[in-house]
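Line order of the protein sequences matches chains A and B. Following our numbering, the numbering of the first sequence begins with 1 at its first residue and continues without gaps. Following our numbering, the numbering of the second sequence begins with 1 at its first residue and continues without gaps.
Hints are not guaranteed to be accurate.
[Unchecked claim] With a straight-line cut-off of 30 angstroms between C-alpha atoms, the simulated BS3-like cross-links for lysine-lysine are:
hint : chain 1 : residue 1 : chain 2 : residue 2
1    : A       : 11        : B       : 69
2    : A       : 11        : B       : 125
3    : B       : 125       : A       : 77
4    : A       : 11        : B       : 68
5    : B       : 68        : A       : 28
6    : A       : 65        : B       : 69
7    : A       : 65        : B       : 125
8    : A       : 77        : B       : 69
9    : B       : 68        : A       : 65
10   : A       : 28        : B       : 69
11   : B       : 125       : B       : 69
12   : B       : 300       : B       : 252
13   : B       : 324       : B       : 391
[What the hints assert, rightly or not] Listed next, with one range per pair, are the computed distances between beta-carbon atoms:
hint : chain 1 : residue 1 : chain 2 : residue 2 : range
14   : B       : 93        : A       : 38        : 33 to 43 angstroms
15   : B       : 133       : A       : 21        : 23 to 33 angstroms
16   : A       : 21        : B       : 33        : 42 to 52 angstroms
17   : B       : 314       : A       : 31        : 47 to 57 angstroms
18   : A       : 21        : B       : 4         : 52 to 62 angstroms
19   : A       : 31        : B       : 139       : 13 to 23 angstroms
20   : A       : 55        : B       : 218       : 46 to 56 angstroms
21   : B       : 218       : A       : 32        : 55 to 65 angstroms
22   : A       : 32        : B       : 254       : 31 to 41 angstroms
23   : A       : 50        : B       : 205       : 24 to 34 angstroms
24   : A       : 28        : B       : 365       : 53 to 63 angstroms
Worth flagging that the hints you see were computed from the coordinates, not collected in a lab. Because the structure is a prediction, the values reported are computed rather than measured. Even glycine gets a Cβ: it sits at the ideal position worked out from N, Cα and C.
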Amino acid sequence: MSATVFERVRKVTCEELGVTETEVEMDKSFQEDLGADSLDVVELVMALEEEFGVEIPDDDVANMKTVGDAVTYIESKN
Amino acid sequence: MSFQPSGRVVVTGLGAVTPLGLSVDEFWPRMLAGESGIGSVTLMDTTEYPTKIAAEVKDFDASVYVDKKEARRIDRFMAFAVAASQMALDDANFPMDDEDLKYEVGCLIGSGIGGLNTMTEQTQKLWREGPDRVSPFLVPYMIPDMASGYTSIRYGFKGPNTCVVTACATGVHSIGDAYHIIKRGDAIAMIAGGTEASINPIGMAGFCAARAMTTKNEAGATASRPFDATRDGFILGEGAGVLVLEDYEFAKARGAKIYGEVIGYGMSGDAHHITMPAPNGDGAYRSMLKCLKSGGLTPKDIDYVNAHGTSTPYNDKFETMAIKRAFGEEAHSTPVSSTKSSIGHCLGAAGAIESVICLLAMRDQIMPPTINYSTPDPECDLDYVPNEARKAQIDVAMTNSFGFGGHNGTLAFRRITE
Numbered sequence: 001m002s003a004t005v006f007e008r009v010r011k012v013t014c015e016e017l018g019v020t021e022t023e024v025e026m027d028k029s030f031q032e033d034l035g036a037d038s039l040d041v042v043e044l045v046m047a048l049e050e051e052f053g054v055e056i057p058d059d060d061v062a063n064m065k066t067v068g069d070a071v072t073y074i075e076s077k078n
Numbered sequence: 001m002s003f004q005p006s007g008r009v010v011v012t013g014l015g016a017v018t019p020l021g022l023s024v025d026e027f028w029p030r031m032l033a034g035e036s037g038i039g040s041v042t043l044m045d046t047t048e049y050p051t052k053i054a055a056e057v058k059d060f061d062a063s064v065y066v067d068k069k070e071a072r073r074i075d076r077f078m079a080f081a082v083a084a085s086q087m088a089l090d091d092a093n094f095p096m097d098d099e100d101l102k103y104e105v106g107c108l109i110g111s112g113i114g115g116l117n118t119m120t121e122q123t124q125k126l127w128r129e130g131p132d133r134v135s136p137f138l139v140p141y142m143i144p145d146m147a148s149g150y151t152s153i154r155y156g157f158k159g160p161n162t163c164v165v166t167a168c169a170t171g172v173h174s175i176g177d178a179y180h181i182i183k184r185g186d187a188i189a190m191i192a193g194g195t196e197a198s199i200n201p202i203g204m205a206g207f208c209a210a211r212a213m214t215t216k217n218e219a220g221a222t223a224s225r226p227f228d229a230t231r232d233g234f235i236l237g238e239g240a241g242v243l244v245l246e247d248y249e250f251a252k253a254r255g256a257k258i259y260g261e262v263i264g265y266g267m268s269g270d271a272h273h274i275t276m277p278a279p280n281g282d283g284a285y286r287s288m289l290k291c292l293k294s295g296g297l298t299p300k301d302i303d304y305v306n307a308h309g310t311s312t313p314y315n316d317k318f319e320t321m322a323i324k325r326a327f328g329e330e331a332h333s334t335p336v337s338s339t340k341s342s343i344g345h346c347l348g349a350a351g352a353i354e355s356v357i358c359l360l361a362m363r364d365q366i367m368p369p370t371i372n373y374s375t376p377d378p379e380c381d382l383d384y385v386p387n388e389a390r391k392a393q394i395d396v397a398m399t400n401s402f403g404f405g406g407h408n409g410t411l412a413f414r415r416i417t418e
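For reference, chain A alone in the conformation it holds in the complex:
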C-alpha cells in the first residue's frame, strides 16, 4: 500500500524541522507546536512542493498553519 498524504507530509516535516514522527499530528501548528520560524516554513513548503509535484502559492501558504491544513490542501490538489 502506498503511503498516505499524511504519512508523506509527516516524513517531509520531520526532515525539514528535525522533529520526531510522534510529534507530527494533524492538529499541530508548524510554527507554534513544531518550532518552525518563517524561513523554515518557506523551506518546508518547497520540500512539500517537490514531494507532491504541486505548486503552492504564497497566498495559500498563509492559510497553511497546521499539518492538517497541509494535508487537506495537498489532497484537494491531487
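Add chain B to chain A, keeping to what the hints say.
Chain B alone, transformed into the frame defined by chain A:
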C-alpha cells in the same frame, strides 16, 4: 552594568577546529610532533583540477554542537565557528548564567569568504531548477557575518556583534579589533576569531585559477614547505580558531585562568596589487612595526614569530625581508616558524588558529616547527625552527597575517606569570 575598563585585555579561553584535530588538545601535540594534516581531497571530486590535495578538517560532526536540524543545514563555516566558540567558552569557564553580563559580551568571528558551500549549492539549484527553488537560508548562511551572528544568538551575547572580512588577514584583524573594543570599554569580553570552509568546487577552482596553490600533488603531506627553496604555492586549509578575550581586571576578579595578554596590534595596507604582496614586504614590515610600537616593544622583546609563511614563492621571500627590516640585527636570532606547513592555509581562520598557537607556545614554552624544510633558500635565511619543535623561553609571541587586497595585520601576546 557599571564597569571601569582596565585598558588591558587578556586571553582566557582557546578553541580550534583544524586539519590536525577537532580541538586544541587534539591538534597541538600532533603539530608539535611534526605531523601534517594535508592529503588527498575527499570533500569533492578533483579529477579536473590541477591541485588535488588540501588540509581538510576530518570527521567533524556539527551535531555535537548544534541540534540535528541545524547541523544538517548550517554552512560548514558557521558550524566550525560554533564548535570553536563552545570549546573556547568551556575552556574559559565563562560565567554563562550571568544574564546582565551578556549585554557586555560581544562576538567578532570573521570569515574571508563566508558560506561558499551554501552559495555553490544554491547557485546550482538556481540554474538547474529556477529561482523559486532557492533556499530561504541562502542569504543568512552565505553572508560572512553569520559566524558572529549565529554565535551571538546561540549564547545570548548582546554586546558588539560584528565581522571583519579581510581575506587571509581576517583572523588577526578580528582578534585585534575585538581587543580594541574591550580596551576602549565597549565590551567586557569578546568571542573573537576566524572561520573558513571553502574546500569545494568553486573555492578550489578559484584558487587554482589564481595560480596560488601548489600542484605538487604527489608530495601529499609534505607539499606545504614554507621558506624552503622548493616551495611553489600554498595548500588550501579550513577550520576555525576562537579566543575568549576579557578585560584583565574582570578576568582576574572572577579567577579566570589567563593564557596571556594582547599587548600589540598593528595594521597596514600594501596599496600595491589585488593578490601580490608589495615588493620587499613593505606592507608586512609596516604592520610589524606598528604592532611593536603599539605594545611599546622592541624586536629584542619578541621570543617567537608565527609567520604568515604561506609556502608561496613571493610571500615567504617578502615576509623574510620584512622581518629583517623590522627586527634589524635581532632578525637572525628570532625564531620564526610557519605552522601552515602542517595545517595548510586556513584563509580567514589562519590568523585566529595561529593566535591560538602563539598562546599555547607560551603556555608550554615550546615553538612548533616549520615542517617539510629541507632545501635552504638563500633569500629565506632566518631561523625557521625547521622540522622539530623547540623548547625555549617564550614570554612574547607575535603572529603575522597578510591578505589579498593588501590587508596586513600583526598581533603580539605576552605571557602573564603572576
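Against the structure, the hints come out as follows:
Taken as a hint, the residue 11(A) and residue 69(B) pair is honoured in the structure, with Cα atoms around 14 angstroms apart against an allowance of 30 angstroms. Note on residue 11(A) and residue 125(B): the hinted pairing holds, with a Cα-Cα distance of about 22 angstroms set against a maximum of 30 angstroms. For the proposed pair residue 125(B) and residue 77(A), the alpha carbon gap of about 25 angstroms is at most 30 angstroms, so the pair holds. Distance restraint check for residue 11(A) and residue 68(B): the Cα-Cα separation of roughly 15 angstroms lies within the 30 angstroms cut-off, and the hinted pair is therefore satisfied.
Taking the CA atoms of residue 68(B) and residue 28(A), the gap is about 21 angstroms. The hint holds against a cut of 30 angstroms. Of the supplied pair hints, the one linking residue 65(A) and residue 69(B) holds, its CA atoms being roughly 20 angstroms apart against a limit of 30 angstroms. The straight-line distance between the Cα atoms of residue 65(A) and residue 125(B) is roughly 27 angstroms, inside the 30 angstroms bound, and the hint therefore holds. Between residue 77(A) and residue 69(B) the CA atoms are separated by roughly 29 angstroms; this keeps the pair inside 30 angstroms, and the hint holds.
For the hint linking residue 68(B) to residue 65(A), the alpha-carbon distance of about 23 angstroms falls within 30 angstroms, and the restraint holds. Between residue 28(A) and residue 69(B), the direct Cα distance comes to roughly 19 angstroms. Compliance with the 30 angstroms bound is thereby established for this hinted pair. Taken as a hint, the residue 125(B) and residue 69(B) pair is honoured in the structure, with Cα atoms around 21 angstroms apart against an allowance of 30 angstroms. Taken as a hint, the residue 300(B) and residue 252(B) pair is honoured in the structure, with Cα atoms around 28 angstroms apart against an allowance of 30 angstroms.
Among the hinted pairs, residue 324(B) with residue 391(B) is consistent with the structure: their alpha-carbon atoms are about 23 angstroms apart, no more than 30 angstroms. Checked against the hint of 33 to 43 angstroms, the C-beta distance between residue 93(B) and residue 38(A) comes to roughly 37 angstroms, which is consistent with it. A hinted range of 23 to 33 angstroms for the beta carbons of residue 133(B) and residue 21(A) is consistent with their spacing of about 26 angstroms. Distance hint check: the CB atoms of residue 21(A) and residue 33(B) are about 47 angstroms apart, consistent with the given range 42 to 52 angstroms.
At about 54 angstroms, the CB distance of residue 314(B) to residue 31(A) agrees with the hint of 47 to 57 angstroms. Taking 52 to 62 angstroms as the suggested C-beta distance range, the pair residue 21(A) and residue 4(B) conforms, at roughly 55 angstroms. About 20 angstroms separates the C-beta atoms of residue 31(A) and residue 139(B), a value consistent with the hinted range of 13 to 23 angstroms. At roughly 52 angstroms, the beta carbons of residue 55(A) and residue 218(B) sit within the given window of 46 to 56 angstroms.
Checked against the hint of 55 to 65 angstroms, the pair residue 218(B) and residue 32(A) passes, with Cβ atoms roughly 59 angstroms apart. Between residue 32(A) and residue 254(B) the C-beta distance comes to about 40 angstroms, which sits within the given range of 31 to 41 angstroms. At roughly 29 angstroms, the beta carbons of residue 50(A) and residue 205(B) sit within the given window of 24 to 34 angstroms. For residue 28(A) and residue 365(B), the Cβ-Cβ distance of about 59 angstroms falls inside the hinted range of 53 to 63 angstroms, so the restraint holds.
The structure meets every hint from the earlier list without exception.
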